[in-house]
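*Asks:* Each protein sequence line maps, in turn, to chains A and B.
Using this note's numbering, you'd call the opening residue of the first sequence number 1 and step up by one each time.
Using this note's numbering, you'd call the opening residue of the second sequence number 1 and step up by one each time.
These are calculated hints, taken from the structure and not from any lab test.
One or more of the hints may lead you astray.
One copy or two, either will do: identical chains are not told apart, so a pair holds if it fits within one copy or between any two.
[Said to hold, decoys possible] Here are the simulated DSBU-like pairs of lysine-lysine, each with C-alpha atoms no more than 35 Å apart in a straight line:
| # | residue 1 | residue 2 |
| --- | --- | --- |
| 1 | LYS9 | LYS55 |
| 2 | LYS9 | LYS84 |
| 3 | LYS84 | LYS55 |
| 4 | LYS84 | LYS59 |
2 protein chains.
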Amino acid sequence: MSFEHQRHKPPRELAQPRELLVVCAPLRSNVNLSRIVRAASCCGVSRLLCTGPTKLDRKIARDGADAIAIESHRTLPPVLAELKREGYRLVGLEQTTGSHDLHHFEFPRRTALVIGNERTGLTPELLSHLHDVVEIPVWGMPFSYNVATATAMALYEYCRQWPTG
Amino acid sequence: MSFEHQRHKPPRELAQPRELLVVCAPLRSNVNLSRIVRAASCCGVSRLLCTGPTKLDRKIARDGADAIAIESHRTLPPVLAELKREGYRLVGLEQTTGSHDLHHFEFPRRTALVIGNERTGLTPELLSHLHDVVEIPVWGMPFSYNVATATAMALYEYCRQWPTG
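Bound conformation, chain A alone (with noise of 0.2 Å):
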């Protein structure tokens, strides 16, 4: 077997737009909020909720940074609420008494991603609005994956759920 690269090969289509959303708790890193919005854009995620600035590095947010409409509210709980009333399912990423292995969750279509903190991860306030944790198996040191690691590879499992959206 031969393999060609193809640089300029064409995405996939999604059969409707996608109903992942991503909502980050206040980050350290920009680098990390402009990483995730790469992989989120990549993904066909449309829109993020954030808190706080959200100054992007455009040569790691790449396109992603036009692509997705970044919203910046003052506080995450009236967001969660709302995000709730509109038929979200919201799912925190985190390790969590109760929470579901990321290998074996059944992401609703209609889901809101919410990612915490580098250091404090998901602030208590915040697990009380969520209607699941899932986290991700860890095996070796240093036994905790970096965050925007963590949301690609949370991205990756809700699209091979739904691949076409």
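Guided by the hints, dock chain B onto chain A, whose structure is given.
*Replies:* Frame of chain A; chain B shown alone:
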């Protein structure tokens, strides 16, 4: 349901050592290499093969820098030939003709995941040594994942298929 953050949850146990290796073509960025090292180490990978200078950023790679054996080689083709003799399936991560969708690819347990350069990807010479190429579906701008993001997704998929090694 209430969720409580568990900061020091014990990692999963492998029933046998991971037979997954990561092989990196020369990368432009030590940041990307360092991110790959942290993610691979979290996944229980114990060996990473690369070429050229491998100055890790320990703030990024964290304890992964010590937990993974990093072997630097002058050039990759002889390394790939040796891995082939040792029974590894050489699986590249790239957009090519004849590539498999990562969503549907069944990884052999004994896999060497081969990662290309950020700009140039896997060269024709490296591609000619591979058994398989997998690519990750992309739906939106900028139509390509960052190399460390793509590697994280591939590591996740391998571990999903081989959760206990």
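*Asks:* For LYS9 and LYS55, with the copy left unspecified, which applies at a CA distance of at most 35 Å: within, between, both, or neither?
*Replies:* Classified as both; 30 Å inside a copy, 33 Å across copies.
*Asks:* Within, between, both or neither: how does the pair LYS9, LYS84 come out at a Cα-Cα threshold of 35 Å?
*Replies:* This pair counts as between: shortest inter-copy Cα distance 29 Å, intra-copy 37 Å.
*Asks:* How would you classify LYS84 and LYS55 at a CA-CA limit of 35 Å: within, between, both, or neither?
*Replies:* within (27 Å within a copy, 46 Å between copies)
*Asks:* For LYS84 vs LYS59, is the C-alpha pair at or below 35 Å within one copy, between two copies, both, or neither?
*Replies:* Within one copy only: 34 Å inside, 37 Å across.
The structure is consistent with each of the numbered hints, conforming to all of them.
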